[in-house]
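Student: Protein chains in written order, with my numbering: chain B, 3 to 225; chain R, 63 to 308.
Think of the hints as simulated: they come from the structure by calculation, not from any bench.
C-beta atoms are modelled at their ideal positions from N, C-alpha and C, and glycine is treated no differently.
The calculated label-pair distances, taken between Cβ atoms and stated as ranges, are:
#1 B:Thr52 / R:His296: 56 to 66 Å
#2 R:Pro234 / B:Thr52: 28 to 38 Å
#3 B:Thr52 / R:Leu94: 49 to 59 Å
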Amino acid sequence: MLQIIWLLFTREWRLAWRRPGQLLNPLVFFAIVISLFPLAVGPEPGMLRTMAPGVIWVAALLATLLSLDGLFRSDYEDGSLEQWVLSPHPLALMVLVKVLHHWMVCGLALVVLSPLFGLMLSLPAKVLPVLGMSLLLGTPVLSLLGAVGAALTVGLKSGGVLLALLILPLYIPVLILGTGAVEAAVQGMPVTGYALWLGCLAVLSLSLAPVAIAAGLRIGVSE
Amino acid sequence: MNWSFFHKLGSPKWFYDISGRWLPWFFVASMLLLGVGSVWGLFFAPQDYQQGNSFRIIYIHVPAAFVAQSCYVMLAAAGIVTLVWRMKLADVALRCAAPIGAWMTFIALVTGAIWGKPTWGTYWVWDARLTSMLILLFLYFGIIALSQAISNRDTSAKATAVLAIVGLVNIPIIKYSVDWWNTLHQPATFKITEKPAMPVEMWLPLLLMVLGFYALFTVSLLMRMRLEVLRREHKTRWVRDALEKT
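Please model the entire structure based on the sequences and the hints provided.
Tutor: In structure tokens, the structure reads:
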């Protein structure tokens with residue numbers, strides 16, 4: 003079991019590193035979306051500070067969503083997804099490895115980049131760890147929930163817009179809790195409650211979402 | 063317990079026969095309840111001491127919101143039946159109920175906005191319960207979009223079922239997070255466990271309207287399902303026989 007996890011993981015890494023451009027695309031998108039906001043509403047630091055948590059979180063949401071669109075596509079097209087479904091190992095576990103890998107190249111990179119953009123949107127420096135923490139707990143939920151939608155739309159031609167329609171309403175709790183944590187930190191309030199709730203959601207999606215993703219992939223492959 | 067009725071539900075012909083017999087009753091019941099309820103509620107119920115006559119829109123707003131919410135639970139239940147027992151009728155129910163639920167949500171939102179203007183002074187506030195209804199509408203849109211995007215009927219049924227179940231798991235989380243985010247709306251009007259805060263001549267017509275909306279929902283759901291069953295089974299003999307009789 004451990005061996006198959008390791009094998010899958012190294013395969014995903016190898017595939018990802020052969021197309022480094024695709025690794026960077028969501029991050030560049032994240033950066034561009036965030037820099038659009040000061041251009042649109044003006045560079046006044048006070049306003050940017052109030053908007054910063056929401057802007058960073060919405061940008062992270064959209065970047066994750068865009069990168070999820072192709073999560074299962076190449077595996078579906080070259081038939082390896084069928085091999086996964088047929089293999090004796092539990093499908094839920096294998097997709098969990100795949101989604102976690104996706105999170106490491108997309109979500110984790112957003113977490114690492116976020117302090118930079120926090121500073122650019124004039125968030126106080128003491129808030130930046132909270133911003134990073136909220137993204138660290140929240141982005142796995144985004145990847146896992148989004149993968150459910152990606153699995154359900156795997157065989158479809160026009161998957162992109164449909165995926166957004168299916169998944170964005172489900173992202174709302176993460177958005178509320180994530181921005182809530184950062185806003186509380188800006189006002190000097192305790193953030194433990196928000197962090198615990200985000201952790202709850204992370205554990206919940208980590209345990210339930212793989213089952214739904216596996217069910218969705220089985221349906222998609224059987225078509 | 064005798065489970066044969068449950069297995070019979072899997073047969074489209076049996077459903078078509080039995081729903082044809084039920085339909086007139088539900089229709090009469092819905093018309094009676096809605097007629098009595100709306101006339102009583104709109105003309106005879108006493109005015110609210112604060113809101114005057116504008117409160118009367120709750121006779122549409124509250125029933126629509128009730129049906130909108132329970133319709134989503136019904137979608138998820140139909141989804142579970144589709145996935146577990148592979149019952150075709152559950153898929154028909156899911157597909158036919160989703161647009162009705164979306165319309166009910168829309169009605170609840172619009173009537174709420176109309177009521178909000180004289181009461182709160184604005185059509186829309188980002189209040190917790192309004193926002194959760196808006197998200198419910200988006201969830202309905204997602205289900206409708208997915209069920210129409212997949213052309214293969216079996217695949218589409220199963221995928222929509224999975225999405226409905228995932229949505230149902232998420233609804234309480236969304237509800238609580240939105241509640242936490244902002245609250246201005248008054249608490250729920252009806253609670254089963256408590257006596258309502260309204261006088262009896264105000265809530266009795268409301269109760270009639272709620273029951274009437276449920277009956278109306280059943281009528282339109284059955285009509286849509288019967289049409290969909292006929293469409294799917296149009297090659298079978300019983301459909302030809304049934305159509306020749308009429």
